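Novice: Chain by chain, the residues:
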Amino acid sequence: MNILVILIPASLFLGLLGLVAFVWTVRSDQYDDSKGNASRILMDDD
Amino acid sequence: MSLAPAPSACPACAAAPLAQAASKGAQSALDGCDEVLFALPKVHCAACISTVETRLNELAGVAEPRVNLSLKRVSLKAAPWVEEETIIAALASIGFEAHPLDAATIGGAADRAGRDLLLRLAVAGFAMMNVMLLSVAVWSGATDATRDVFHLISALIAVPAVGFSAQPFFINALSALRVRRLNMDVPISLAIVLAVGMSLFETFQSGENAYFDAALSLTFFLLIGRYLDHRTRASARSAASELAALEVHRAQRIEDGQPVAVRVADLAIGDHILVPHGMRIPVDGVLSSDSAQLDRAFLTGESAVQVLQAGDNVRAGEVNMGDPVTLQATAVGQDTTLRQIAALVETAEGGRNSYTALADRAAAIYAPAVHLLAFAAFVGWAAIGGDIRFALNVAIAVLIITCPCALGLAVPAVATAAIGKLFGHGFLVKHATALERIAEVDTVIFDKTGTLTMPGQTRPLAGFSQTEAGVALALAQASNHPVSQALCRALGTQVSAEQLHDITELPGQGIQANWQGKTVRLGQAGFVGARGAGTWLKIGDAPARRADLSERLRPGAVQAIAALKAQGLHVEILTGDAPDPAHSVASQLGITTVHSRIEAAQKHALIEDAKARGARVLMVGDGINDTAALAAAHASIAPASALDAARTAADIVALDADFTNLGLVVAVARKSTRLSKQNFGIALCYNLIAVPIALAGLATPLLAALAMSSSSITVLLNAMRVRSAK
Chain A
-1 MNILVILIPA SLFLGLLGLV AFVWTVRSDQ YDDSKGNASR ILMDDD
Chain B
3 MSLAPAPSAC PACAAAPLAQ AASKGAQSAL DGCDEVLFAL PKVHCAACIS TVETRLNELA
63 GVAEPRVNLS LKRVSLKAAP WVEEETIIAA LASIGFEAHP LDAATIGGAA DRAGRDLLLR
123 LAVAGFAMMN VMLLSVAVWS GATDATRDVF HLISALIAVP AVGFSAQPFF INALSALRVR
183 RLNMDVPISL AIVLAVGMSL FETFQSGENA YFDAALSLTF FLLIGRYLDH RTRASARSAA
243 SELAALEVHR AQRIEDGQPV AVRVADLAIG DHILVPHGMR IPVDGVLSSD SAQLDRAFLT
303 GESAVQVLQA GDNVRAGEVN MGDPVTLQAT AVGQDTTLRQ IAALVETAEG GRNSYTALAD
363 RAAAIYAPAV HLLAFAAFVG WAAIGGDIRF ALNVAIAVLI ITCPCALGLA VPAVATAAIG
423 KLFGHGFLVK HATALERIAE VDTVIFDKTG TLTMPGQTRP LAGFSQTEAG VALALAQASN
483 HPVSQALCRA LGTQVSAEQL HDITELPGQG IQANWQGKTV RLGQAGFVGA RGAGTWLKIG
543 DAPARRADLS ERLRPGAVQA IAALKAQGLH VEILTGDAPD PAHSVASQLG ITTVHSRIEA
603 AQKHALIEDA KARGARVLMV GDGINDTAAL AAAHASIAPA SALDAARTAA DIVALDADFT
663 NLGLVVAVAR KSTRLSKQNF GIALCYNLIA VPIALAGLAT PLLAALAMSS SSITVLLNAM
723 RVRSAK
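Order-wise, the sequence lines are chains A and B. So for the first sequence, this note's numbering puts the first residue at -1; every next one is plus one. So for the second sequence, this note's numbering puts the first residue at 3; every next one is plus one.
Derived by calculation from the structure, the hints in this document are not laboratory data. Computed from a predicted model, the values in this text were never measured in an experiment. Worth double-checking, as some hints may not be accurate.
As a list, the in silico PhoX-like pairs of lysine-lysine whose alpha-carbon atoms are at most 20 Å apart [claimed, not checked]:
| no. | chain 1 | residue 1 | chain 2 | residue 2 |
| --- | --- | --- | --- | --- |
| 1 | B | Lys613 | B | Lys423 |
| 2 | B | Lys44 | A | Lys33 |
| 3 | B | Lys44 | B | Lys423 |
| 4 | B | Lys423 | A | Lys33 |
| 5 | B | Lys567 | B | Lys728 |
Cβ-Cβ distance ranges computed for the label pairs, FRET-style [to be verified]:
| no. | chain 1 | residue 1 | chain 2 | residue 2 | range |
| --- | --- | --- | --- | --- | --- |
| 6 | A | Leu40 | B | Lys44 | 12 to 22 Å |
| 7 | B | Pro162 | A | Asn35 | 30 to 40 Å |
| 8 | A | Ile1 | B | Ser208 | 15 to 25 Å |
| 9 | B | Pro82 | A | Ser32 | 26 to 36 Å |
| 10 | A | Gln28 | B | Ser290 | 33 to 43 Å |
| 11 | B | His46 | A | Asp27 | 18 to 28 Å |
| 12 | B | Thr148 | A | Val18 | 28 to 38 Å |
| 13 | A | Pro7 | B | Arg391 | 30 to 40 Å |
For each residue, glycine too, the CB sits at the ideal point set by N, CA and C.
Modelling step: build the complete structure from the supplied sequences, incorporating the hints.
Specialist: Here it is in structure tokens:
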């Protein structure tokens, strides 16, 4: 059971990492044009 | 198209296209250039994006074009000397219709409220997943100290997360309670607060059941609903402001004898304004040119060109069909006739807000029912067992399990999917309850001029041979009369003029000439020995025939009417025009009920009559004379070419000039209402199974989590089915 002392903080840390990453994507306007981004992936240039 | 060689106020902009190659370096060089927005209703794929961006990059003085496919817009930086017309023409040359948007009216692109909700949603989701993970351990049999520690960690995550994420519900619930009313947020907040409170108490008492995961998933799912709802409303709002931004916002003011482009908002009374051919007049005023040919269809509904003399009054919204004219402004901005009518419509619109949305009607029944049920469970168990703690447990389990997810999620999810689908087909849904109202419609009433027919486009001389049309063209070419000129424009590309001799024009009557030894005449009925209105053509001794221009049908109108009829709707035409052209259009479209020569006030009365008979009317119209009718009807649609006032009054604006997909609006509306009701049914089924278990005191946190998640996900998936509507 002592392994929980490491595993639970580890899982919380990883979860937090995901949360921070999501907050960053929101703040940098990455959801403003979801359709456009889906299409731009198909373009050859830039 | 030529670029005005005016000196640039921003010299760096001139070099912008060059600097663009070194894009990072160009960034600072572009300061001082205008950020310009255009609506591109036709852009829809990756190829469109690169075509538009490549074409715009080729233009001098234009930099950083960026297409937003979701909003169907392109933003770019343009040097001050670049004219909007140049950009519009460039886009038109590659097949994209573009409308300039006023960036100031649209407001900042950033949607603060939306981001705020998204952030809360993310926090709730993060907390829910972690607590759920800990709960799985408890459900699968963790006991004693392990369970208590897990509950404690859950509490440490859940309390701050709920405190942050559920704030929108708490705030709404409080403001509703302050005015002594119940809304959906009251049972939601109560369930969340009680679930967290009781779980905290149980944790400290080393109790068995903690509902932290339930409180968090409740918050999470409801925030999804709230976010979708916000998106729908925000897109409706931005659609409305986009339309306002579409209005003419540049005008040509004459300063020192030279026309200068200025914002319409900057025009003042007494300014001299130049209005080029084909443009709308931006302000009310007095004509200072000798004569003008104006299309006043927006006021009368009859698209006939009128000839005005110097000193005549002109009104904002009229379209200049002839040579460029100048006028002196007498009323600007909010004082123009156009704005005053628009303001009247906005007042009239208030009546529509009395419509109660499906979700609100459901909530009115649901909120008291849930409270009573939970309260009854508490009282019942307290009376039977006398154990207050257990009774409270049961009551809270009931509150959590009757999760209003379906109410909070079902309708917004369906609405978002439906509005997204319609937007993809070129329809802007402006009003939140528009789809529900359209689903109830049984009669569709169309305006004719500008709605079923194309504004300003005509179909020349049906039933005349090429030679006869050629004679008419040759006669028309000899005259400056607006009717003749309209005839020339319509016929010019399709027939070649015949050779005429001895052409004479009798002012106010017509034109006479000699063609192959016969006398030919084009003019009023009296001039050719006939009776009736309109323009007549007489060749030799043959009887005179009417040579009126008939209107060209809007593309897709035939398919639209057929689709609406196939859905069991009754279709009528309502027009200010004369009976003859109205019936001609009606017969081409297969419409039998025609009301002609109806003035604006009568249109409104006719809609009211239909309402009194119990009909639910969908009005489709574009003119100022339609606006009262658009506002009075149960639901309304206006084409994008309609005037501001008409678009303001309408629930839905058709961005595409082609009406082929009009039937889809009704189909999607009906399907979305059906799916919303289905979703309520699904949620009810879950409750029918889970609530008796909760009332019996057998509910566990596992059951609560299962019931809530599965009902929410089913409802969301069901909502997506609206996309398959045809």
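Novice: If a hint holds in the structure, say so; if it does not, say that too.
Specialist: Hint-by-hint comparison with the structure:
Between B:Lys613 and B:Lys423, the direct Cα distance comes to roughly 30 Å. Violation of the 20 Å bound is thereby established for this hinted pair. As the CA atoms of B:Lys44 and A:Lys33 are separated by approximately 14 Å, the hinted pair is consistent with the 20 Å bound. For the given pair, B:Lys44 sits about 14 Å from B:Lys423 by alpha-carbon distance, which is consistent with the 20 Å threshold. In summary, the hint linking B:Lys423 to A:Lys33 is supported, as the alpha carbons are separated by about 13 Å, within the 20 Å threshold.
Of the supplied pair hints, the one linking B:Lys567 and B:Lys728 holds, its CA atoms being roughly 15 Å apart against a limit of 20 Å. For the pair A:Leu40 and B:Lys44, the beta carbons lie near 19 Å from each other, so the given range of 12 to 22 Å is met. Distance hint check for B:Pro162 and A:Asn35: the Cβ-Cβ separation is about 33 Å, which falls inside the suggested range of 30 to 40 Å. Roughly 23 Å separates the CB atoms of A:Ile1 and B:Ser208, a value that falls within the hinted 15 to 25 Å.
Between B:Pro82 and A:Ser32, the C-beta spacing of about 33 Å keeps the proposed range 26 to 36 Å intact. With their beta carbons about 54 Å apart, A:Gln28 and B:Ser290 fall outside the hinted range of 33 to 43 Å. Under the hint 18 to 28 Å, the C-beta atoms of B:His46 and A:Asp27, about 22 Å apart, fit the expected range. For the hinted restraint 28 to 38 Å between B:Thr148 and A:Val18, the CB-CB distance of approximately 29 Å keeps it satisfied.
Checked against the hint of 30 to 40 Å, the pair A:Pro7 and B:Arg391 passes, with Cβ atoms roughly 33 Å apart.
The structure does not agree with the numbered hints 1, 10 stated previously, though it agrees with the rest.
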